[in-house]
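J.: Letter by letter, the chains look like this.
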Amino acid sequence: MPVIPAELVHSNPGLDTEQIIAKLLGGETLLSDTPDHLIEVVDVLESYGEVLDAYSKNLIYQGEHQFLNPFPIFKYLDGDLSPAKIWRHLNHDRINFEYAEYCMKGMLWHATGGMDAYFDSEAFNENCKAIIAAKRRRDPLLAILHPLFPDFLSELIRNAATTHALGQFWRVMSDLFIDLAKAERAGTVRSIPDVVDFIKQGLVAAAANPIEYGVTIGGQQFWILPPEAKLTFLVDVAVPYVEAVFLRGMPFLGTVSYNAQAQQISPDQATFTYGALYADPLPTMGAGVPPSLLMQDMYRHLPQRLHEWYWERTRGEGDVREKICRSFQKSMFCVTNAAISGTMPHALDTTDPEEQEANRAYAASWAGRLVIGRTDCLAA
Amino acid sequence: MSAALPLPLQLIWLIPIYGFSGMLLSLPWATGWIKRNGPRPAAYLNLLVTLLAVVHGSLVIRSVYDIGPQHVDLAWFQAADLNLRIGFDLSLTNLAALEFVTAMSLICQIYALGYLDKEWSLARFYALIGFFEGAMSGVVLSSNLFMSYFLLEMLTLSTYLLVGFWYAQPLVVTAARDAFLTKRVGDVLLLMGVVALSAFAGSMEFNDLYDWAGNLKGTGALGPVGISLLGLGLIAGPMGKCAQFPMHLWLDEAMEGPNPASILRNSVVVTCGAIVLMKLMPIVQLSPVATDVLLVVGAISAIGGALVSLAQVDLKRAFSYSTTSYLGLVFIAIALQLPGIALLLLFAHGLARALQFMGVGSIIATTNCQDLTELGGIGTRMPATSLAFIIGSAGVVGLLPLGSFWCYGLMVNSLQDSAPGFAVVFLLTNLLTATNSTRVYRSLFLGEPLPKTKRAPEVNWLMALPMVSLSVIVLLLPAMMQRIDPVPGIASFSLPVAVAVSLSGLIGVVIGALVPLDQFWSRSTTPWIRTLQDLLAYDFYTPEIYRRTVVSLVANLAQFTRWVDLNVIKSLADGVGNLSMATANDLKLSVSGKTQSYVLTVLFAIVLLLGVLQIGRGG
Amino acid sequence: MLLSSLLLIPFLGTAVLLLWPGEQPLGRLRLVTIAILLVQLVASLVITVQFDPSIAGMQLQEFHSWLPGIGLDYSLGIDGLSLPLVLINAALTLVSAIITRDIDRRPRIYFAMLLLISGAVNGAFIADNLLLFFLFYELELIPLWLLISVWGGANKAYAATKFLIFTAISGMLILGAFLGLALLTGSVDFSLTPVLSDRLAMGGQIVLLLAILLGFGIKIPLVPLHNWLPDAHTQAATPVSVLLAGVLLKLGTYGLLRFGLQLFPEAWAELAPGLAIWAAISVLYGSLAAIAQTDMKRMVAFSSVGHMGYVLLAAAANTPISLLGAVFQMVAHGLISALLFLLVGIVYRKTGTRDLKVLHGLLSPEKGLPLTGTLMILAVMASAGLPGMAGFISEFLVFRGSIAAFPVATLLSMVGSGLTAVYFLLLVNRAFFGRLSITPNSDDPIKDARLDVQLAPVAPRETYPAIALAAAIVALGLLPFGLSYLSETSITALAMQSMGVS
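Protein chains in written order, with my numbering: chain V, 1 to 380; chain F, 1001 to 1619; chain L, 2001 to 2502.
Here chain V stands alone, though its shape is the one from the complex (with noise of 0.2 angstroms):
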C-alpha cells in the first residue's frame, strides 16, 4: 500500500439524525457560526444575488416577449440588438442564462407544488385554449400542428409560466442576498444566526406575495397564472423550487449513467438526490456538470473579499470555482435552514406538547432528507 500524505485528503464529519433535529427545534444553525463561515456565504450570496438579478430579468423578458416565439434566436439579449451586446454574446462574455433555464427545467419536470397543480386545472385549460385560438388565427405552421399534436402548445405555455414564475421568484431572492450583503457591511449582520435570521424574515415577509403571468397577443392580454389562481410566492413556487434545485436535481451526465440497463437513476423522481445540497462539489467545472455555469457566472461577480479570501486557500485562483461551489452548498444550506424554520408548524419556544411535538415531526422530516445530503460541509 502506498504512503498518502494525509494532508492530501480532507474529510469532514456530517451530521446524523438526531443533530440535524435537535439543530432544527433548538434554533441553532445548521451551518456552523465562524468568521470565516460569515464571509462565505454572505459574499456568495451577494454574487449570487447578482447572478439571480440577471437571470430574473432574462427569465421575465422571454416569459413576456418570447412567448412561443419558435426561433427564439436573442432570447438572451433583452431586448437589447446593440452591436457590442450581440458581440459580447458571441464572444461569450455574458452571464449563462442557460443554467436558469436549467433550473426551470427541472422545477417544470419535477411537477410539484402549487403552480403544478394549477397546471392540470380546467382555468389554466380554459386560458390555454383562449391563448391557442389567439395564436393559431395568426401562425399557419401552429394552425396545422394545433390539431396533429393537441398538447404541444399548452405544454410550452406550461414551460413559459413556470419560466415567468421562476424570474419571479428570484427577483425576491436576488435583492433579499443584496441586501443580505448590505446588511452585513452596515454591521447588522454579524454572525450565521443574522445571516439566517435575515433570509427567514425577507421569505417571511415575500411569502404571501402573489405570482401572476400574463401575456399580450395582438394587442389582447391573456391571462396563464391569473390572479384568481391565488399562487403565491412561498408556497406555489418557493417549496417547489426546493424541493426541483436544491433537493431532488436531476442526474448530472457527466457523474451518472443514464443506461437503463445499468440502473442507476431511480425509476422515482421523489427519490432523487442530485440537488445542490446533496452535489458533490469536486468535479465543479468538469464535463458534464451544468451547475459548472452557475459556478462561473458567480466568479463573474464575486466580491473583492471572498476573492482574496479564496487566493489564501488551497490552490488559490486555480480552484476558485470549485471553492465558490463549496461556499455556495453553504450558503444553500442556509437558505434551507431559513426556510425550514419559517415553515416551522409552531414557535420554537412552544410550551404545549402537541405543538412540540408536531414540530419535532417537521424537523424530524426535514432530517431525514437532510442527512444524506454533504452535511460534511456544515463544520468549522
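Hints are computed from structural coordinates only; laboratory data are not their basis. Mixed in with the good hints, there may be bad ones.
Calculated cross-link-like contacts (lysine-lysine; reagent style DSBU-like; alpha-carbon spacing at most 35 angstroms) [as the list claims (entries may be wrong)]:
#, chain 1, residue 1, chain 2, residue 2
1, V, 85, F, 1035
2, L, 2447, V, 200
3, F, 1035, V, 57
4, V, 23, L, 2447
5, V, 230, V, 85
6, V, 57, F, 1570
7, V, 129, F, 1454
8, L, 2350, F, 1035
9, F, 1570, V, 200
10, F, 1035, V, 75
11, F, 1570, L, 2357
Have a look at the derived ranges for each label pair, beta carbon to beta carbon [what the hints assert, rightly or not]:
#, chain 1, residue 1, chain 2, residue 2, range
12, V, 307, L, 2008, 34 to 40 angstroms
13, F, 1036, L, 2101, 27 to 33 angstroms
14, F, 1011, L, 2008, 30 to 36 angstroms
15, V, 347, F, 1446, 50 to 56 angstroms
16, L, 2461, F, 1535, 40 to 46 angstroms
17, F, 1014, V, 312, 48 to 54 angstroms
18, F, 1555, V, 18, 44 to 50 angstroms
19, F, 1544, L, 2273, 36 to 42 angstroms
20, F, 1513, V, 121, 30 to 36 angstroms
21, L, 2485, F, 1218, 37 to 43 angstroms
22, V, 261, F, 1525, 19 to 25 angstroms
23, F, 1218, L, 2054, 37 to 43 angstroms
All of these numbers come straight from a predicted model, not from anything done at the bench. Note that the Cβ used here is the ideal one computed from N, Cα and C, for glycine as well.
Assemble chains F and L onto chain V, guided by the hints.
T.: Positioned in the frame of chain V, the structure of chains F and L alone reads:
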C-alpha cells in the same frame, strides 16, 4: 500536374484540414486558457470551418461534374522503395460521401449547441468533433490505403475521446476503454494487412493495389493461406469500425457518450468503415475465405443485431444494435460485389438513422431518461421529435417509399436468383427492424404519460431545426438517390419484389403493434422465453464471452509474465547480484560511502583496463 | 573541432561545476547547467547544419593518435545513424536539467554528473574507434549509478547496485568482444571496419557477436536481461528516468547496430532469424508484463522493454526501411518515454503515489492535473502507435521493413503494439478518469465519495518541457521526412553493406 485543375480541386487537401483546424481553433477555450468567457466561440468557429468544408465540397462536386473524376496527390514520405503519399480520389461517389460527412457534421454541431447548452466543456466537445470530421472527410476521399489507415486510426482515437467525453462518469471509464480496444484489435489486424500489402505490392494506391491483385490471380504467388490471412486482416478494420459481430460491443458502450456524437457514430462513422471496406473489396475478393467471412459476419450481424435490439430497454441501445444490423446488410452487399447498392444503403441508412438518433436525443434532453419502461405518452406534445422519429424510422424500414425501401428492393432483386438465402436475410432484417421501431414508437409516444414524461415540452429550436431539416432531407432522399445513382435506376426491381419488401415491413409493424408492452419485456415466467429474453437483452452474453476468453487470456498471460518476472528472472538476477555484492562489499562500494571513493574506483578500473590492454598487446 | 565540442562543452561544464568555489545554491547551479546544455544543443544543431546527408559514411571526422600501442585512437566521426541520437541526447539532457527542481542534497555533484553523462553519451555516439566507444560507454555508467544511488527513492541501494552489476557485466562482455576481436584476428585494429570471413572465421565471428549481443542486450534491455531496468526506473528520480529511458537505452540499440550489424555483417545474417524471434519475445514479454503492473513508473519501464524490441526486430531484418525504422524508433521512443516519465513524475510529485489502484480522476479540471492528464493521453497514444505522432511512423517503418524477411516475428511484434494500447489505456482510464481520489477505497462508499483531495497545482513552468516534447512527438509524426532526410543515406549504405556480403 494539377496546374490545369480548377482551384477548388487544387486546394482539395484543405478538406480534412478544415475539421482539424476546428480542433486547433478550439484549444484556447478547451484548455481553459480563456477563463472569464464561456466556450461558445469555439463552437461557432467549428461551425464556420465545417460550413467552409461543405461549401468547398460542393464547389469540388460542381467541377468534377464538369470535368470528370480527378486524382490529386502530394508526396508525404519517401524512403528507399517506400512512397507514402497524401492522395485524394475525386469521384462523384467519394464526393457524395464527403458531402454526407460534412453536412451531417454541420447538422450535428448545430444540434449539439442545443443538446449541450448547459455543458461547460463545450469547447473540448467541438474540438473533438472537428478532429472527427477532419479524419472522416479524409477517409472518404483517400486514394490510398496508407492514408485510409492513418485516418481510420485517428477516428479510433477521436471515438475514444468522444466516448470518454464525460470522463468522470463511472461507466464512461470502461466504455471508452472498450471502444478503443475493440476498434484497436481491428486496427492492428488491418495494420498487419496494410504492412503486408505495402511490402508485397509496393504501392499503397488503391488503383495499383487493384492491378497487383489482378496480376496475383494469374501468378498464384503468396499462396492461398497468405491470401486468406491478408483478406482477413483487411476486413478486420472495417469490421471493428462498423461494429460487426463479434466486434460490435463498443457501439453499445459508446452510447455512454454525448448524443450528438452518437448521432455521428451511428450514421457517418460506420459509413466510413464500410467505404474503406468497399475500397478494399477488390483485394479482399482474392480470398474466398475472407469473402465468406464477410458474408457470415454480415448475416449474423444483420439478424443478431436486429434480434438483440428488440430486447433492449435502453432507448439509445435499441437503435445502436439496429445500426450493427444494417451495417451487416451493407457487408453482405459489399461481399456480393454490389458496391453501388451498398453505397445507397449506407446513405439511406445513415441519414435516417441520424434522424432517429436526433429524436432520441431530444427525448433524453426533455425527460432526463432513456429507459423505455419509464417513457410514454409524449406523442401529442413534441411534434418535431415525433416527426423526426417517425420519418427516421420510416427511412430505415423498407415499407414506405423512402430511402431504404429502394435499397431493399434493389438488393432483393439482385439476390433473389443468385443468393436467395441472403434475400431472406434482408427481408427478415427488415421485418425485425420494423418490429423494433414500432414497439419503441409505441412505448415512447403512445399511451398515458408516465411520471418522467408528465411535463415534456418540445426541445429548443437549436435541436428542433436540425431535426426538421434532416426530416426534409430524408423525405427527399429517393430523389437524390436517383440523381447520384450509382446503379441504373433506383426503381429497377420487379413488383413482386416491391411487394415482398413492403410486406416484410408491414408484418414487422403489425408485430410491433401487437406485442405486449406493459411492464415492458419484463422477464417471462416461461423458462425458455425467459432464457431467450435474457440472451437477447444481454447481447448474447458477448461481454461475458469476451471476459472469459480474450480478456482473461490476456490477463492470465500478463499475470503469468509477471510471475515469471518476479520468481524466475528477478531471482536469477538477484542471485548474480548477491554473488557480485560480496565483491562489491569488499571494495566498500556501499552507498553511504564517499563520492571520492567512487571516483577513485572508476579511475582504478580504467587504469586496470588500459593495463590489461597493454599487456594483451605485449603478449 | 566541431565534434570535439560535443565532448568539450559538457566535460568542461562538469569541471566548472565541480571546481566552482564556495557553496552555490541549487537554482544557480541549475541555471548554469541549463546554459551549458543550451550551448551543447546549439553545437549539435550547428553540426546538423554542417552535416551532409548525401554522404553515406562518417563525416566531420577528427583523428588524433592516442595510444596506438593498444589501438586506442581519438577518432571521432558522425553519420546518419549517430546524428539523430546526438540531437536527442542534447535535447533530453536539457529537459532533465530543466525539470530538476527539488533535489535535496549535493546539487553540485548532481548537475556535474548530469553533464558528465551527456558528454560520455555524446562520446559513445561519435566515437569512431571501438575502444574509445568503450571508454565513453563505461564513463557514463558511474555517474548514472551515483544519480540513482544518491538521489533515488527508498529502495535505491538495491536498484543502484543491480544497475551497476548488470551494466558492469554488459561492459565486460563488450570489452571482451572487442579484446577477443584483437586476440582472434591478431591485430589491434579497433576501427569500425567490418569483420568478414577473410579476417575471421564464422565461428569466431559468431562468438564475438554473441558477446556483443548479450552486452548490448543488457543495456537495451532485452528480455531476459531486463531485470535491472524497472528497479532502476522506479528508484530513480524523474529527471534521471527521463535520461535513462530517453538517452541511455539508446546506447544499447546504437551499439547493436554499430558494433553488431555493422561490424559483423556475416555473423549477423546467420543469427538474424533468431534475433527476430528474440525481438518478438521481448516485445510481447515487455507488453504483457506491463499489463500486470500497478506502479505507473514500472508500467512505463516495461513498455520500454517492449518498445526497444522493435529496434532489434528492425536490425534483424536489416533492410533500408527497417533500419530507418530503427532510427525513427530510437528517436520516437526517446521522446515518448521521456514524456511519459516526465508526466508520471509530475503525478508522483503532486499525489505522492504512482499506484494505479488508488489514483483516480486526475483529469478533474479544478482540483486535479488536467493538463498533465491531457499530455498523458497524447503520450500514451503516441506510444501505442496512433498515427499523427512519432510512434506510428516508426513502428510502420519497422514492420514494413521487416515483414517480408520475418513475417511471424513481425506479426507478433504488431500484437505487442496492440497490447501497448491495453496497458496504457488501463493507466489512463484508471488514473485520469472517474472521480478524483488518491486513496484506497475504504469500507464506506459514502465517505469515499465525500473525500476532498487537495493536490498542489502544477505550475505552468513544470509542464513547458512536457509541452515541448509533445510538440516534438507530433511534429515528427506529421513531418517525418526531416529525420529520414538526415539518416536515409547512411542507413541505406549500412543495409546495403551487409546485403552485399550476405
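J.: Could you check the structure against the hints above and give me the numbers of any it violates, in ascending order?
T.: Failing hints, ascending: 5, 6, 9, 12, 14 and 16.
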